[in-house]
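Just so you know, the sequences run in chain order A and B.
Read left to right, the first sequence gives residues 1 to 208 (the UniProt record's numbering).
Read left to right, the second sequence gives residues 1 to 243 (the UniProt record's numbering).
Because the hints were derived from the structure by calculation, they are not lab data.
Be aware that one or more of the hints could be misleading.
[Unchecked claim] To give a feel for the contact side, a few chain B residues facing chain A, derived at Cβ under 7 Å:
#1 72
#2 75
#3 96
#4 98
#5 102
#6 103
#7 106
#8 107
#9 112
#10 116
#11 123
#12 143
#13 144
#14 146
Note that beta-carbon positions come from the ideal geometry of N, C-alpha and C, so glycine has one too.
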Amino acid sequence: MLSLYRPGTSLVHRARAGLKLAALAALGTGLFAVARIEVVVAALIGVLAAGLLVARLPAGVLWAQVRPVWLLLTGLFVFHLLLTDPLTGAVAVLRLLTLVLAAAVVTATTRVTALVAVVEWLLRPLEVVGVRPARVGLMVAMTLRFIPVVAERAARIREAQAARGASGMRLGLLVPLLIQVLQLAATLGEALDARGADDVPARRPRRA
Amino acid sequence: MRWGRRGATAAAAPPLPRTAVELRDVTHAYGERTVLAGVSLTLTEARIGVIGANGSGKSTFARLLNGLVVPTAGTVLVDGLDTRTQVREVRRRVGFVFQDPDAQIVHPTVAEDVAFGLTNQGVPADEIARRVDEVLVQYGLDGHRDHPAHLLSGGQKQLLAIAGVLVMEPQRVVFDEPTTLLDLGNTRRVARVVDGLEQDVVVVTHHLDLLAAFDRVLVFEDGRVAADGTPAETVPWYVARCG
Ligand SMILES: Nc1ncnc2c1ncn2[C@@H]1O[C@H](COP(=O)(O)OP(=O)(O)OP(=O)(O)O)[C@@H](O)[C@H]1O
Ligand SMILES: [Mg+2]
């Protein structure tokens with residue numbers, strides 16, 4: 001979900017990150033409150049229009065987000081077919097699909113920095129109890145940064161093991177991966193120090 | 001240009017400790033294991049190379065220079081500032097580039113990562129934008145502004161890491177094996193960037209040919225400086241020593 005940002009100048013791109021996240025939250029709440037098929041279908045069409053027509057995202061970008069949940073959606077529909085009725089099933093499935101797509105549109109049109117800034121803003125009230133919003137924001141950004149890095153290292157280890165004849169050993173992957181991640185984390189800590197991450201708390205005005 | 005600059009400082013004033021990195025009888029141990037023993041050096045040259053066998057203490061030495069490692073005994077002074085007590089100020093003066101670019105890029109996209117150090121220093125947003133743009137152009141990364149860092153090539157990642165350090169305008173930069181993970185083309189590209197820096201640099205490397213034009217090369221052996229001189233003096237000595 002991290003490499004998702006697609007630079008652009010559309011209305012959706014330019015909308016404030018906070019507004020987009022608020023709209024996402026409102027959509028989620030609304031769709032669960034009003035569980036009617038015509039509302040859900042209208043929302044789905046609206047989200048697709050915003051993503052494909054207004055933001056001009058390639059369909060592949062949205063599809064990439066739906067693909068991992070495809071099985072879940074099918075399962076959910078089958079579950080409803082067996083236990084409730086097709087209409088309820090359709091509402092449940094389309095609702096989830098709409099939300100996944102809406103989240104994809106938001107992440108594809110919003111810079112990580114902007115999303116992180118919203119997180120920091122939301123956390124500001126917690127400063128009084130000692131939460132450092134800038135720190136949490138940095139953690140969010142770093143998590144997004146290191147998911148692909150760790151995934152890539154895992155893939156490399158898997159290849160190395162496969163090259164030596166191992167196959168599908170999940171546990172065998174874990175130990176070397178853990179060692180690499182720990183090494184990475186140690187250097188990362190030093191790099192944060194070297195780049196002045198420590199300066200942050202010192203510069204924030206402390207509240208009485 | 002470097003020679004000219006060095007000549008100018010030498011002529012203008014006698015060498016003050018202010019403009020140098022000084023190690024005074026520095027010893028460092030990780031637990032029981034002593035990895036540097038009684039090292040005393042004054043570093044004033046613009047281009048200093050550090051070579052030596054694996055485990056000889058090069059990285060530990062490099063980390064001493066910006067306070068990432070504080071010596072167990074002895075003192076390290078950067079322009080007269082003690083790395084033990086004035087580490088924040090020292091780190092602003094001495095940038096550090098690591099071997100593995102993946103471990104030093106902390107933000108998901110290129111421009112955001114370059115801005116990281118400036119944000120930490122509380123630089124105003126418009127100035128950050130200007131300086132980031134400048135540095136991205138300088139290192140040929142301006143076409144990748146919003147690209148995810150993990151999609152860059154190894155060489156581009158290392159250039160990004162260097163850009164993230166140089167945007168903070170340190171007076172010195174320490175490189176710990178910046179080209180070890182790179183292919184020949186990228187090694188040369190990074191070497192050219194290092195050569196062109198106006199900052200003083202200390203480069204730890206196993207790529208001996210990169211040091212030909214350096215002012216001074218230190219050869220480490222078992223935690224001591226076994227040789228110290230021009231590349232012409234030290235590199236052949238080290239090569240012969242390796243057998
Ligand atoms: N954090 C640490 N904890 C314990 N021992 C360490 C630590 N860092 C380094 N060492 C040990 O200290 C010795 C010197 O390490 P150092 O990394 O300075 O060597 P180096 O010259 O940079 O080697 P290389 O060429 O392999 O990078 C090595 O024996 C190493 O195992
Ligand atoms: Mg080393």
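Looking at the structure, which of the earlier hints fail to hold?
Per hint list: 1, 2, 11, 12, 13 violated.
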